[in-house]
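Novice: Sequence:
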Amino acid sequence: MNGQKNKVIQRSIGWSLFSEVAAKFVTPVTNMLLARILTPDDFGVLAICNMLVSFVDIVTDAGFGKYLVQADMHSEEEKRRYADVAFWSNFGISVVAYLIIVRNRIKIAGLLGGEEYAAIICVASFQLILTSVSSIQTGLFRRGFEFKKLFAARFAVALVPLLIAVPLAYFTGSYWALVIGSLSGALINSVMLTILSPWKPRFYYSFALLKKMFHFSFWSLCEGLANWMIFWFDTFLVTKAYSAYYVGLYKNSANMVMSIMGMITASMSPVLLSVLSRVKDNRREYEELYLTIQRIMLYVIIPMGVGLFCYRDMVTYILFGSRWSEAADIIGAWGLMMTCSVIFYSFPAELYKSKGVPKILFFLQSSYLIFVIPVSLLAAGSGFWNFVYVRCFCIVEEIIISMVFINRYFSISPGKVFSNMKKPLFGSCTIIVTYKVFSIFTYTRLLEFLSMLFSAFAYLVILYLCFRDDLIRAKEKIQEVKL
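Numbering (the numbering used here), first residue to last: 38 to 520.
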């Protein structure tokens with residue numbers, strides 16, 4: 038029985054990883070094409086819209102999807118009742134929120150950068166209603182480890198911008214192509230998940246269940262809003278201090294880095310949350326499972342960050358073309374910052390969620406924001422590039438408080454985390470050495486590209502020769518975990 042459950046974990050990780058790799062592969066390809074057609078100003082307009090939509094989407098979801106994944110439920114009927122209440126709550130709040138945005142579109146547009154964006158904000162915000170339809174199905178699929186079904190929808194959503202936004206951008210040369218692509222993706226996602234899900238919303242509602250969910254979801258909502266602040270407040274500062282060009286330059290570069298890193302984090306995190314939620318009462322297995330999956334992830338995420346920094350000029354040219362050359366330093370700085378953020382923030386966040394203590398995660402996020410917001414505000418006034426570097430360097434403070442919180446609430450010492458990092462860091466030095474050696478001879482883009490390929494190959498060789506046994510032992514530990 039235990040072996041069968043372990044196979045479920047491994048299949049879930051496999052399908053989740055496959056879906057994210059496939060989706061994240063299509064996304065950069067789409068952006069590579071769009072970046073060669075549109076300008077940073079166009080992407081800046083999209084960033085302004087997404088900043089609003091993502092904020093309101095967190096409020097309308099209210100953490101109900103996470104509750105469906107984490108909570109203990111004793112029957113299928115109980116799960117259906119909670120899902121029904123969550124669905125109608127999400128849908129109702131989303132409709133009201135959309136109407137408020139439409140009613141106050143000019144004021145909102147003025148706050149976000151210019152009243153001329155009022156129309157596109159109205160159109161882009163319709164995505165709120167579409168995502169409210171699919172969020173509950175997503176939570177139920179994750180609860181049931183049905184990541185194979187999520188793969189189908191995830192991959193379809195990734196293809197939509199490629200098939201719709203790119204042709205529209207080519208013929209119109211307008212940022213409307215980006216917005217229509219996003220809306221089309223949300224629509225496809227809602228339709229596919231509704232068709233694939235055995236659960237369909239019924240006309241059932243219970244304020245008693247809503248109250249019970251909200252006890253958990255309130256702090257989950259606060260955590261979601263704090264997470265939004267961490268990843269969007271800097272965009273707001275750039276919007277207020279600089280032009281749409283710099284908004285697009287900054288956010289599109291940051292989004293690309295997060296998309297690349299997301300091939301690992303977005304595949305592991307949902308599975309980790311689902312699994313940790315089931316073993317949360319067994320302290321030894323809980324800690325062992327977390328550290329083991331983290332170690333596997335580090336062998337991928339650390340060399341990715343190092344590679345993005347070393348080969349930032351070539352990566353920028355491949356992803357965006359020559360018109361975006363200014364983005365290279367943003368790509369490099371964000372590559373290192375996101376590596377640290379994934380290790381010390383994104384991945385540990387699943388610990389708090391699985392234990393049902395989003396309140397503690399919110400306190401962690403607030404501690405970080407209390408520091409980073411005033412520092413970034415000061416940096417924004419000293420020039421765009423100073424702001425970029427200061428914002429990235431703030432990750433040091435996040436590392437410190439993250440270690441304090443993890444040790445305090447989960448008894449996972451900093452030593453165990455840093456011990457997990459030693460071998461991946463040592464292996465990643467191969468990339469740095471290779472880059473330095475080739476940089477002596479690299480005078481053309483072709484040679485730099487060959488250097489990048491050789492660095493990746495050299496790392497894989499070192500991984501196989503020196504760390505293969507470590508990865509095998511990590512896999513065996515996952516198989517030994519008793520659910």
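In short, the hints are calculated from the structure, not lab data.
Using N, Cα and C, we set each Cβ at its ideal position, and we do this for glycine too.
One thing to keep in mind: the hints can contain errors.
Only pairs whose alpha carbons sit at most 25 Å apart, straight line, appear in this in silico SDA-like list of lysine to any residue [stated by the list, open to error]:
(1) Lys459 with Ile477
(2) Lys277 with Lys396
(3) Lys396 with Pro238
(4) Lys473 with Phe430
(5) Lys277 with Val394
(6) Lys237 with Lys144
(7) Lys392 with Asp507
(8) Lys237 with Lys248
(9) Lys460 with Ser419
(10) Lys473 with Val337
(11) Lys144 with Leu233
(12) Lys317 with Met266
(13) Lys396 with Phe447
(14) Lys248 with Glu152
(15) Lys249 with Val316
(16) Lys453 with Met266
(17) Lys116 with Phe270
(18) Lys317 with Thr272
(19) Lys396 with Asn264
Now the in silico label distances, taken between C-beta atoms and shown as ranges [what the hints assert, rightly or not]:
(20) Phe491 with Lys237: 47 to 55 Å
(21) Gly210 with Ala495: 54 to 62 Å
(22) Arg445 with Phe491: 39 to 47 Å
(23) Ile137 with Gly420: 32 to 40 Å
(24) Glu152 with Phe491: 48 to 56 Å
(25) Lys317 with Glu152: 43 to 51 Å
Novice: Take the hints in turn and mark each one as holding or not.
Specialist: Hints, one by one, checked against the model:
no. : hint                           : result
1   : Lys459 with Ile477             : violated (28 Å)
2   : Lys277 with Lys396             : violated (31 Å)
3   : Lys396 with Pro238             : violated (29 Å)
4   : Lys473 with Phe430             : holds (24 Å)
5   : Lys277 with Val394             : violated (35 Å)
6   : Lys237 with Lys144             : violated (38 Å)
7   : Lys392 with Asp507             : violated (28 Å)
8   : Lys237 with Lys248             : holds (22 Å)
9   : Lys460 with Ser419             : violated (39 Å)
10  : Lys473 with Val337             : holds (21 Å)
11  : Lys144 with Leu233             : violated (40 Å)
12  : Lys317 with Met266             : violated (28 Å)
13  : Lys396 with Phe447             : holds (14 Å)
14  : Lys248 with Glu152             : violated (39 Å)
15  : Lys249 with Val316             : holds (23 Å)
16  : Lys453 with Met266             : violated (29 Å)
17  : Lys116 with Phe270             : violated (36 Å)
18  : Lys317 with Thr272             : violated (36 Å)
19  : Lys396 with Asn264             : holds (13 Å)
20  : Phe491 with Lys237: 47 to 55 Å : holds (53 Å)
21  : Gly210 with Ala495: 54 to 62 Å : violated (42 Å)
22  : Arg445 with Phe491: 39 to 47 Å : holds (44 Å)
23  : Ile137 with Gly420: 32 to 40 Å : holds (36 Å)
24  : Glu152 with Phe491: 48 to 56 Å : holds (52 Å)
25  : Lys317 with Glu152: 43 to 51 Å : holds (49 Å)
Taken one by one, the earlier hints fail for this structure at numbers 1, 2, 3, 5, 6, 7, 9, 11, 12, 14, 16, 17, 18 and 21, listed in ascending order.
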